[in-house]
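The numbering of the sequence shown is my numbering, which starts it at 255 and goes up by one.
Among the hints, erroneous ones may be present.
[To be verified] Label pairs and their in silico Cβ distance ranges:
#1 506 with 561: 19 to 25 Å
#2 435 with 484: 50 to 56 Å
#3 410 with 332: 31 to 37 Å
#4 350 with 496: 38 to 44 Å
#5 564 with 325: 47 to 53 Å
#6 410 with 350: 19 to 25 Å
If you are wondering where the hints come from, they were derived from the structure by calculation, not from laboratory data.
Built from N, CA and C at the ideal position, the CB exists for glycine as well.
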Amino acid sequence: MSQPLVVSYIRFSTPRQASGDSLRRQTAGAREWCARHGWTLDEKLSIHDLGVSGFNKDNISRGALATFLQAVSGGLVPQGSYLIIENLDRLTRADLPTAVTLLLSIVQSGITCVTLMDGQEWSKERLTNPADFMLSVMLLYRGHDESRVKSQRIRAVHDRAREQLDRSVFGRAPGWLRRTADGSDWEEIPELVEIVKKVFEFAASGYGGVAIAKQANAENWLVPSLSAREKGTGWHTTLPTKLVRNRAVLGELEFHVIRDGQSTPSGQVVEKWYPEIISEELFFRANAAIDARRGKPNRRDATYRNVFQGVIFCGHCGATLARKAKAGSKKNSKGYAQYVCSDRHRGASSCPNYNAKELERALIPLLYRYFSEHLGDDTRLSSLRDELASVKGEISDLDKRRSRLAEAIEQAELP
């Protein structure tokens with residue numbers, strides 16, 4: 255008999271199991287089974303779902319098993335192949351209809367599932383036997399029921415912990431915190447807290463996520479993110495904004511619940527759950543700066559010099575004026591630019607253009623004098639800007655919290 259394709263599928267639910275014996279045990283078992291049959295395990299094609307849930311169907315929807323199933327349905331895995339698993343509950347712990355459909359779809363494609371724990375081989379021919387089919391159904395149900403009971407127990411523990419505000423139960427916190435020595439609370443990691451504060455100061459000063467991430471990578475800042483440290487990644491452009499939006503810096507925790515397999519905000523927010531590392535004033539000011547940047551229209555000239563973008567309009571038709579840098583002739587030499595009516599630019603009007611240097615020299619000093627006279631000196635203006643930004647940020651944050659609370663009330667199962 256020629257060597258069939260033999261691959262193994264290894265899955266466990268939590269990343270912590272990777273440091274234990276689960277991976278080694280399942281791999282060794284697959285090799286031993288092949289050796290007894292005189293075959294070789296194709297370890298290049300063998301698939302792993304490490305730390306992926308079989309109860310929530312994650313391995314079927316987005317895991318390595320999902321890729322394998324696509325290869326099976328596409329005919330890329332030949333009939334007569336073998337899929338080795340430790341037990342049927344490694345394949346799935348989903349609800350019974352899903353589990354049975356999964357097993358049948360594999361064997362219907364001519365793949366034999368081998369379960370190492372009991373030495374069973376589940377093929378299309380064998381599952382036509384009613385007794386064997388019922389045995390597979392009972393094994394699949396047992397795996398699902400064990401996970402269901404475990405899930406209910408964990409949920410009950412978390413429900414009690416939420417009611418009692420027990421910090422020792424919830425084991426994961428923001429990347430700038432760590433467990434206290436007795437495991438009952440959280441404490442700051444000083445060097446990471448300083449990085450978070452620096453990000454907020456930069457954001458409040460008008461720096462965007464790209465600029466902050468670029469400087470952080472250039473200066474090798476520590477990354478105050480657990481997932482980034484686990485993956486060994488540096489600063490990406492979205493991390494600064496995620497930090498600035500994270501209300502955990504104010505010490506808050508919003509509990510999440512699992513609905514339809516997805517983690518969903520519950521609307522229950524607890525203050526002073528974590529150490530507060532950022533003041534509310536700085537938090538709202540930094541968030542207001544991000545919102546202000548998002549509200550600005552895109553610049554349209556390559557030199558990034560249009561200080562009037564979105565606020566200056568054509569006096570003839572009212573359309574916006576875009577600053578266009580020109581080049582190529584004596585008149586349009588380096589540094590020469592024009593303010594162009596956007597309607598004219600798209601051929602909808604014949605409005606005139608304006609020399610950028612002349613317009614800016616006329617407008618900028620006039621506007622500076624006007625605002626200086628009416629609003630005061632730069633010191634007072636800076637203080638007013640910070641105060642205004644903080645208030646705007648607080649209003650924006652309250653609007654978001656109101657929306658989340660309304661959504662939580664709508665989804666609640668209470669009258």
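Query raised in the report: Does 19 to 25 Å hold as the CB distance between residue 410 and residue 350, or does it fail?
Result: holds (23 Å)
**Report entry** Consistency of beta-carbon spacing, residue 325 to residue 564, with hint 47 to 53 Å
**Finding:** holds (51 Å)
Report task. For the range 31 to 37 Å, tell me whether the beta carbons of residue 410 and residue 332 fit it or not. Result -> violated (47 Å)
Requested in this report: May I ask you to test the hint 38 to 44 Å on the CB atoms belonging to residue 350 and residue 496?
Outcome: For residue 496 against residue 350, whose Cβ atoms are near 39 Å apart, the range 38 to 44 Å holds.
Query - Range hint 50 to 56 Å (beta carbons of residue 435 and residue 484) holds or violated - result: Given a distance of about 23 Å, which is not inside 50 to 56 Å, the answer is violated.
Query raised in the report: Is it true that residue 506 and residue 561 lie within 19 to 25 Å of each other by Cβ?
Result: Once the Cβ atoms are compared, 38 Å apart, the range 19 to 25 Å for residue 561 and residue 506 is violated.
The structure does not agree with the numbered hints 1, 2, 3 stated previously, though it agrees with the rest.
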